[in-house]
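Peer 1: Here's the letter readout for the chains.
Number of protein chains: 2
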Amino acid sequence: MQRYFVEDDQWTADAVILKGEQAHHIFRVMRMSPGDVIICINGQGKASYCRITQAEPDRIKCQVEEGLSSDTELPIHITVAQGDLKADKYEWIVQKSTEMGAGSITGFPADHSVVKWDVKKSEKKQARFQKIAQESAEQSERLKIPTIERKTSLEEVLKEAHPYDHKWILSERSARKDHHHAIDDALRQLQHSDRILLVFGPEGGFSTREHETAIDLGCTPVSLGARILRAETAPVATLALLVYQVELKR
Amino acid sequence: MQRYFVEDDQWTADAVILKGEQAHHIFRVMRMSPGDVIICINGQGKASYCRITQAEPDRIKCQVEEGLSSDTELPIHITVAQGDLKADKYEWIVQKSTEMGAGSITGFPADHSVVKWDVKKSEKKQARFQKIAQESAEQSERLKIPTIERKTSLEEVLKEAHPYDHKWILSERSARKDHHHAIDDALRQLQHSDRILLVFGPEGGFSTREHETAIDLGCTPVSLGARILRAETAPVATLALLVYQVELKR
Numbered sequence: 004m005q006r007y008f009v010e011d012d013q014w015t016a017d018a019v020i021l022k023g024e025q026a027h028h029i030f031r032v033m034r035m036s037p038g039d040v041i042i043c044i045n046g047q048g049k050a051s052y053c054r055i056t057q058a059e060p061d062r063i064k065c066q067v068e069e070g071l072s073s074d075t076e077l078p079i080h081i082t083v084a085q086g087d088l089k090a091d092k093y094e095w096i097v098q099k100s101t102e103m104g105a106g107s108i109t110g111f112p113a114d115h116s117v118v119k120w121d122v123k124k125s126e127k128k129q130a131r132f133q134k135i136a137q138e139s140a141e142q143s144e145r146l147k148i149p150t151i152e153r154k155t156s157l158e159e160v161l162k163e164a165h166p167y168d169h170k171w172i173l174s175e176r177s178a179r180k181d182h183h184h185a186i187d188d189a190l191r192q193l194q195h196s197d198r199i200l201l202v203f204g205p206e207g208g209f210s211t212r213e214h215e216t217a218i219d220l221g222c223t224p225v226s227l228g229a230r231i232l233r234a235e236t237a238p239v240a241t242l243a244l245l246v247y248q249v250e251l252k253r
Numbered sequence: 004m005q006r007y008f009v010e011d012d013q014w015t016a017d018a019v020i021l022k023g024e025q026a027h028h029i030f031r032v033m034r035m036s037p038g039d040v041i042i043c044i045n046g047q048g049k050a051s052y053c054r055i056t057q058a059e060p061d062r063i064k065c066q067v068e069e070g071l072s073s074d075t076e077l078p079i080h081i082t083v084a085q086g087d088l089k090a091d092k093y094e095w096i097v098q099k100s101t102e103m104g105a106g107s108i109t110g111f112p113a114d115h116s117v118v119k120w121d122v123k124k125s126e127k128k129q130a131r132f133q134k135i136a137q138e139s140a141e142q143s144e145r146l147k148i149p150t151i152e153r154k155t156s157l158e159e160v161l162k163e164a165h166p167y168d169h170k171w172i173l174s175e176r177s178a179r180k181d182h183h184h185a186i187d188d189a190l191r192q193l194q195h196s197d198r199i200l201l202v203f204g205p206e207g208g209f210s211t212r213e214h215e216t217a218i219d220l221g222c223t224p225v226s227l228g229a230r231i232l233r234a235e236t237a238p239v240a241t242l243a244l245l246v247y248q249v250e251l252k253r
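As they're listed, the protein sequences go chains A and B. Reminder that position 243 of the first sequence reads as 246 in the working numbering, one-by-one numbering, no gaps. Reminder that position 238 of the second sequence reads as 241 in the working numbering, one-by-one numbering, no gaps.
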């Protein structure tokens, strides 16, 4: 069933109004009419079945019916911090991290980032990433849209990280040194409702300086095995292990 | 260090000859000359440091020096069977499955596949997928190139599957039914050097018929959690869990 994230000011106790692009999508793309049912999700992640009562091209009114009982959110909060990559790969990471349950995605310029972040285009780019996250959250049937953030350096990512219970740096160095069990030790320390920060490097990996800074600032270096993964592969694989630990394991 | 997979007939006891595209890459792209060292890997997955002794644009001769001790291959053999997807997504799955350690990748037409496999272009397409697998194996520092195969139906994939110790079907249905622990039970049954077949559906998922056929033919339905993943996301996430089970877990 089609899902829409609807801002809090569009809800009353028993009705919800959808406007703009969402109304267009319901009316023109899905060709729905009064009587059809959609799922609307509010800003707190509460999802309800909503029956359309009035349909116009730019305004859809629905009656709120029963709530959905299924919870598709992970019991932990995961932040993916990704050193700047080429735009298509970064967009891909936003989409995939959302599917895999991340709570927020933060970009930062890494020492080896080839792509330079254009401050003038910053607002437009962040809005585009936020839209990708929203579409991916709807498609993967999530109840929350990850927040898209931006920091000016790895240091800023890590220094603002004091509310995190765990900080991991994904490290090619660890992969080459056979330190493969570190991630298992780290996974086993996760507790219900913990907050975890994952730090991933750009195409060229982290510099020695960044690697040392991360460890000084409390990151645990972990690897995903003996093979060297491309930058865009590591976030999905790491998130899969977190999902396994908190949702799939008996 | 640069890696090349070299056919068995190009090796003698203490020398190896690289030709064609590989010689071009060493001579023109990497601009190497006598004295430089590369890694060559033979058809059995044995890797050796090789010092260049003669360099010409279309022929590089090397002296075989010591062998590499690191093993980047998984102790299990994984086949990824993927219902036909759009070409860019299929290529992506070949690249990512190779990075994550798959042993072979098999395409087949699924009931909901939108893309139709063009038999006339089959040989050319398979060669392209094989090349992507080779490049990805070199980049991820593997010792073996996954084989690229093709079957005519899901039934053919499953019926030829008798040498497999485990067969899993990744199922959206299981994800929606909260059967999330099945994958944990299945992972815990893996033994060293087992052979496992993973079956993934196309963009629209498997048909009811395919789902039932797979289960009749011995597949265990497993899910990757409560969120609905896009077709191209599921193989990477599943392979991450297999890597965890056989390589990362203490």
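Hints are not guaranteed to be accurate.
Remember, identical chains collapse to one label, so a pair may be satisfied in a single copy or spanning two.
Claimed, not checked - Within a straight-line C-alpha distance of at most 30 Å, the following computed DSS-like cross-link-like pairs (lysine-lysine) qualify:
#1 Lys147 <-> Lys124
#2 Lys180 <-> Lys134
#3 Lys162 <-> Lys49
#4 Lys22 <-> Lys252
#5 Lys124 <-> Lys134
#6 Lys22 <-> Lys119
#7 Lys252 <-> Lys124
#8 Lys180 <-> Lys123
#9 Lys123 <-> Lys49
#10 Lys252 <-> Lys128
#11 Lys124 <-> Lys64
#12 Lys154 <-> Lys22
#13 Lys22 <-> Lys89
#14 Lys252 <-> Lys154
#15 Lys22 <-> Lys162
#16 Lys89 <-> Lys49
Simulated from the structure, these hints should not be mistaken for laboratory data. No experiment lies behind these values; they were computed from the predicted model shown.
Peer 1: Please go over all the hints and tell whether each is borne out by the structure.
Peer 2: Hint check results:
1. Lys147 <-> Lys124: within (26 Å within a copy, 43 Å between copies)
2. Lys180 <-> Lys134: Cα proximity of Lys180 and Lys134: across copies only (29 Å, versus 39 Å in one copy).
3. Lys162 <-> Lys49: neither (32 Å within a copy, 45 Å between copies)
4. Lys22 <-> Lys252: This pair counts as neither: shortest intra-copy Cα distance 41 Å, inter-copy 49 Å.
5. Lys124 <-> Lys134: Answer is within; shortest intra-copy Cα gap is 16 Å, inter-copy 37 Å.
6. Lys22 <-> Lys119: Intra 36 Å, inter 38 Å, cutoff 30 Å: neither.
7. Lys252 <-> Lys124: neither (43 Å within a copy, 43 Å between copies)
8. Lys180 <-> Lys123: neither (41 Å within a copy, 46 Å between copies)
9. Lys123 <-> Lys49: neither (36 Å within a copy, 51 Å between copies)
10. Lys252 <-> Lys128: For Lys252 and Lys128, neither the intra-copy (37 Å) nor the inter-copy (39 Å) Cα distance is at most 30 Å.
11. Lys124 <-> Lys64: Neither way: Lys124 and Lys64 sit 35 Å apart in one copy and 51 Å across, limit 30 Å.
12. Lys154 <-> Lys22: Close neither inside one copy (32 Å) nor across copies (48 Å); limit 30 Å.
13. Lys22 <-> Lys89: The answer is neither: 34 Å in one copy and 33 Å across copies each exceed 30 Å.
14. Lys252 <-> Lys154: neither (34 Å within a copy, 33 Å between copies)
15. Lys22 <-> Lys162: Neither: 40 Å inside a copy, 52 Å across copies.
16. Lys89 <-> Lys49: Neither, since 35 Å and 35 Å both go past 30 Å.
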